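Q: Please work from the sequences and hints to get the whole structure.
The listed protein sequences correspond, in order, to chains A and B.
With my numbering applied, the first sequence corresponds to residues 39 to 89, in that order.
With my numbering applied, the second sequence corresponds to residues 1366 to 1837, in that order.
Check each hint, because a few of them may be wrong.
Unchecked claim - Mimicking DMTMM-like on lysine to aspartate or glutamate, the simulated pairs with C-alpha atoms at most 25 Å apart in a straight line are:
{"no.": "1", "chain 1": "B", "residue 1": "Lys1582", "chain 2": "B", "residue 2": "Asp1803"}
{"no.": "2", "chain 1": "A", "residue 1": "Lys43", "chain 2": "B", "residue 2": "Glu1628"}
{"no.": "3", "chain 1": "B", "residue 1": "Lys1648", "chain 2": "B", "residue 2": "Asp1448"}
{"no.": "4", "chain 1": "A", "residue 1": "Lys43", "chain 2": "B", "residue 2": "Asp1558"}
{"no.": "5", "chain 1": "A", "residue 1": "Lys43", "chain 2": "B", "residue 2": "Glu1630"}
{"no.": "6", "chain 1": "A", "residue 1": "Lys74", "chain 2": "B", "residue 2": "Glu1795"}
{"no.": "7", "chain 1": "A", "residue 1": "Lys43", "chain 2": "B", "residue 2": "Glu1810"}
Calculated directly from the structure, the hints in this document are not laboratory data.
Keep in mind it's a predicted model, so treat the numbers as computed, not measured.
Okay, here's what each chain looks like letter by letter:
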Amino acid sequence: MDDEKTSYVTNPTRWTLFLRTFLPWQLWRFAAINLKMIGIIRRSHRSHTPD
Amino acid sequence: MLGAGIAGHTAAAFARSWLGRDHSVTVVSPKPDYNWVPSNIWVGVGLMKPAQVTFPLAPVYERAGIEFVQAAAREIHPEGDRDDPTPYVTAASANGAAKNVPYDFLVNATGPALRFDKTEGLGPESGHSLSVCIPEHAAQAAAALAEEVERMRRGERRRFLVGVGHGTCTCEGAAFEYIVNLEFELRARGVRDRAEITWITNEYELGDFGMGGMHLKRGGYVTPSSIFNASLFAERGIDWITRAHVQKVEPDRVCYETLDGSEGEQQFDFAMLLPPFSGVGLKAFDRDGADITGRVFLPNDFMRVDADYTPKPYEEWKASDWPRTYQSPGYGNIFAAGIAFAPPHAISRPHAAPSGAPIAPAPPRTGMPSAMIGKAVARSIVDMIGGAEAPTHTASMAEMGAACVASAGANPFTGTAASMTVYPIVPDYERYPAYGRDQDRTFGEIDSPDTGSRSCFTTSSSTRRASAPAGA
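A: Shown next as structure tokens:
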């Protein structure tokens, strides 16, 4: 990759990288993301009646 | 139901479940198998076999009480013919034999035609690039990848190019999933350091995905998805070319033009480039046999439904332009579901190169939206059979969300994933003036172990200080 391109990109911090492999945090995020997705899917499945 | 993909199969299954046994449900599809298309990505990197992403339709439909006709729909006769006013579809089986299938209600869920022919040299059948659109293509890509890995194990450096093969392609999300999986597999097989990986896309910015991008609340800021996507690529050492229209694919390179009018070449040893889509080319005829295809379909062969197709500039696009019931305006007993319906316009802002070539993603309608549309259409048809005069259910893409998990590596501890949701898919700036979407329901997150390519990135960052322009 050319340097100019990568130099303007957001880079994860060591803390972010740590959290990606920290099991308790990952279990929490897994639950949170799934709950959020289920909510969106349920909302999208709500019955709509044409106006 | 014409088609047994996500939309057609969902519509058929719900209709069968909701209708009494005195009604029949027939599926007309050219292929004997159902294909769970999202998993073709893993077939394309060798993590799954085609048999794991397909199953035979006939026994499933037999058990469910759905009639299955293995044939490709060619013509719709919505008024029947001079002898009989019963509407019917003409379908051709593999041996060329034509069969007329009568209907009271019709769902066109034929999906896309893969238009590799739109770009010279594109595609695995008569071109020089690979695809993961169907299981056979994906298996071919996996075999080619295995060959490249062997060459790298012998010490060779190889160049990989992934993305879209035309300026009007859609499904950038699928290509994105593939490049993330490809990079992961090369690392897992111990050859990542000998691979150069490049993303080529018609998106104006990374992370557009044909949805005009999205904005995510992170770290106290509302951040565009381009930042999220660029970070993910940089962390993995993936280079990118945006705003590109691939004009030609040669055995070892693609030739492309970009929005600023410049032309470029990108060499490759392995290229997975998705094709543009069109409708499958169904024809329609009135009772006298006159061709009415132009009334039922748009020039891109996708079916007209209850959308607002009035041409208008981007600034005047509205969420209400998008269809809600998917009913044909000309024939109340015909619906289109999934990719087969004609969108009123794109979602991403349109752009064209100085040559006139449009370079902007077409709107995605795959996966979750297809299933929801199929379900709503089935419900409306069942209600209309029960006496309702008009469709009773809607599934506007401006009123539904979508969720996507791009996962790489079939292991919860060593694999990686990027998850994202948007709500709604089509931005609604009247309801959500700031960004067109509900910011509490639009989010993205990367969850992955150390990619190991950070050291390269850190080096790049340190060189910036010397090369950054004044004021940067």
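Q: Hints first: check each against the structure and report whether it holds.
A: Taking the hints in turn, this is what the structure says about them:
1. Lys1582/B <-> Asp1803/B: holds, 11 Å
2. Lys43/A <-> Glu1628/B: It holds: about 19 Å lies between the C-alpha atoms, which stays within 25 Å.
3. Lys1648/B <-> Asp1448/B: holds, 20 Å
4. Lys43/A <-> Asp1558/B: Given pair Lys43/A, Asp1558/B holds - Cα atoms ~20 Å apart, limit 25 Å.
5. Lys43/A <-> Glu1630/B: holds, 18 Å
6. Lys74/A <-> Glu1795/B: holds, 24 Å
7. Lys43/A <-> Glu1810/B: Distance ~22 Å between Lys43/A and Glu1810/B Cα, so the pair holds.
When held up to the earlier numbered hints, the structure conflicts with none and fits them all.
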